[in-house]
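**Q** Taken in sequence, the protein lines are chains A and B.
Position in the first sequence (from 1) plus 10 gives the number in my numbering.
Position in the second sequence (from 1) plus 10 gives the number in my numbering.
FYI, nobody ran anything at the bench for these hints, they're computed from the structure.
As the structure is a prediction and not an experimental result, all values here were calculated from the model.
Among the clues, some could well be false.
Just so you know, same-sequence chains aren't split out, so a pair can sit in one copy or run between any two.
Unchecked claim - Think about it this way: if two alpha-carbon atoms lie no more than 30 Å apart in a straight line, the pair counts; the simulated DSS-like pairs of lysine-lysine are:
1. K275 <-> K165
2. K173 <-> K242
3. K242 <-> K45
4. K45 <-> K173
5. K165 <-> K145
6. K242 <-> K165
7. K275 <-> K104
8. K242 <-> K275
Protein chains: 2
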Amino acid sequence: MQRFEQYLSANLPNVPSFHPLYEEALGAMLLAGGKRFRPQLLLRIVEAYEPMLFDSALPVALALEMFHTYSLIHDDLPAMDDADLRRGHTTLHKRFDEVTAILAGDALNTDAFYLIATAPLREDIRIKLVEILAKNGGGSGMVLGQAIDCHFENKPLTLEQIKMLHTNKTAKLIAASLMMGAVIAALPRESQQALYDFGLDLGLLFQIQDDIIDETQSEEEAGKTTGNDGEKNSFVTLLGLEGSMEEAESLAAALEARFATFEPKLQEALEPLIGTYLYRHREGA
Amino acid sequence: MQRFEQYLSANLPNVPSFHPLYEEALGAMLLAGGKRFRPQLLLRIVEAYEPMLFDSALPVALALEMFHTYSLIHDDLPAMDDADLRRGHTTLHKRFDEVTAILAGDALNTDAFYLIATAPLREDIRIKLVEILAKNGGGSGMVLGQAIDCHFENKPLTLEQIKMLHTNKTAKLIAASLMMGAVIAALPRESQQALYDFGLDLGLLFQIQDDIIDETQSEEEAGKTTGNDGEKNSFVTLLGLEGSMEEAESLAAALEARFATFEPKLQEALEPLIGTYLYRHREGA
């Protein structure tokens, strides 16, 4: 993903230098690293099916990373998780201040749509991409999940409700990333939908594994604040560590079976990125 | 604008009832009133030139109101203006809590783009509308203005800098509303640009008059918290009340002259909405 990192460094939102603190803040979180998981999902599909469109898809991949980054910045705010550490760095509101963190998030949210709207892709593709990101990232998607997460702190949810929470908070943006790649690659509608559905369960699997990491790793190992998740509804608080690992293994096995039905070209494209998650259960209990 | 209000009530973002508090919060600010100035600018242009597209433009008009509402909710947050009152009602973070206010704003920001992306308009028009809103509302527009506003509290700016601040914070979204109306109405590019440029100065005029109101009206009369603007950079703090009124009058006179060069049909459409602002200077000092 070197080309993505190069593109990212060269194309950080250009904010006039009138207020350098803000410009720095906006770039800080984007350049702080992370797995670039969502951009990679999208770019790998495009590269496999429409390699000529790879460069045109870069702004869309950056839009996904910006959108994801905005959600992390706002999740870390004092009113929400009040986290000090993210991606191995001091969180934005600690390093600068709360205003800067709120506004940097707001800007990344909106600017992501500007990047998609102006990407060198066909108009019908661009408008479809805007629709998918907005539908999965807004009040009926990611933000709804975050709202549920915050408001049901200390109020135990059922397994079904926890799945609904994380489907919205985490899985929908991962599913959207796969679907957006499929739209750019002009895959048939059924394939777009199959990738979206697969992404929803993949997102849930990630969340369970993330909950397990939060329980078993130190902040230093995880590179983010993990402590205050104890009061939050997580798979581990409901199912315990053992139960969560079993849930993860059964989900991974089901996902592996579905993955095996994908076209070989698609499997080859995604396997280097998600294979370790799907196959981990083989070495498990 | 009865049709807009009807459409608004009927089409509030549908959030699953899993978390009723959030749903209520999201609707509260939108239904709390306000002048609906941005939707009206857009709809009046569409009605004058392409009345058959009026209904198709309603979701875009709602998107503008949602985007504006998101900016008010975040501006009122404790970390920013820490306001208790907005549109004559208790602000969202006071009525509910800070998390709800941050997330309601985030949802409105993103959902506005969903409404535009799915409006029953041509794809090339929709993608242009997304581009205009995102460009003027994000980190190079409205959010930049808000960042400057917050970070230069208690640090006096020059008149040029204050104009730059409010051009971004307020005027660009007003200019975008006019331009988006012109795009839906399929006006020539030069007319789109002329309306945008006119909107930038119109937005500045509003801001000056808003500063004067903040200085001369009570909170009850204004329907919003006005007190803490004393530390902020405003036209009144720099130019004084008298000087601000003179600045407003000279800007209004210049705008009136430009308005007179618009097509009669366009003048007729916009005059009921903005005439009182343009002509007020005639009764002035």
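**Q** Checking an output row: K45 and K173, CA cutoff 30 Å. Within, between, both or neither?
**A** within (23 Å within a copy, 41 Å between copies)
**Q** What label fits K242 with K45 when the C-alpha limit is 30 Å: within, between, both, or neither?
**A** within (24 Å within a copy, 40 Å between copies)
**Q** First find the shortest C-alpha distance between K242 and K275 inside one copy, then the shortest across copies, and answer within, between, both or neither for a cut-off of 30 Å.
**A** neither (40 Å within a copy, 58 Å between copies)
**Q** Quick one: K242 to K165, C-alpha cut-off 30 Å, is that within a copy, between copies, both, or neither?
**A** within (8 Å within a copy, 41 Å between copies)
**Q** State whether the alpha carbon distance between K173 and K242 is at most 30 Å within one copy, between copies, both, or neither.
**A** within (14 Å within a copy, 45 Å between copies)
**Q** When Cα atoms must be at most 30 Å apart, do K275 and K104 count as within-copy, between-copy, both, or neither?
**A** neither (45 Å within a copy, 54 Å between copies)
**Q** If the cutoff is 30 Å on CA atoms, where do K165 and K145 land: within, between, both or neither? Let me know, please.
**A** Classified as within; 28 Å inside a copy, 41 Å across copies.
**Q** What label fits K275 with K165 when the C-alpha limit is 30 Å: within, between, both, or neither?
**A** neither (45 Å within a copy, 59 Å between copies)
In this structure, the hints that do not hold are numbers 1, 7 and 8, in rising order.
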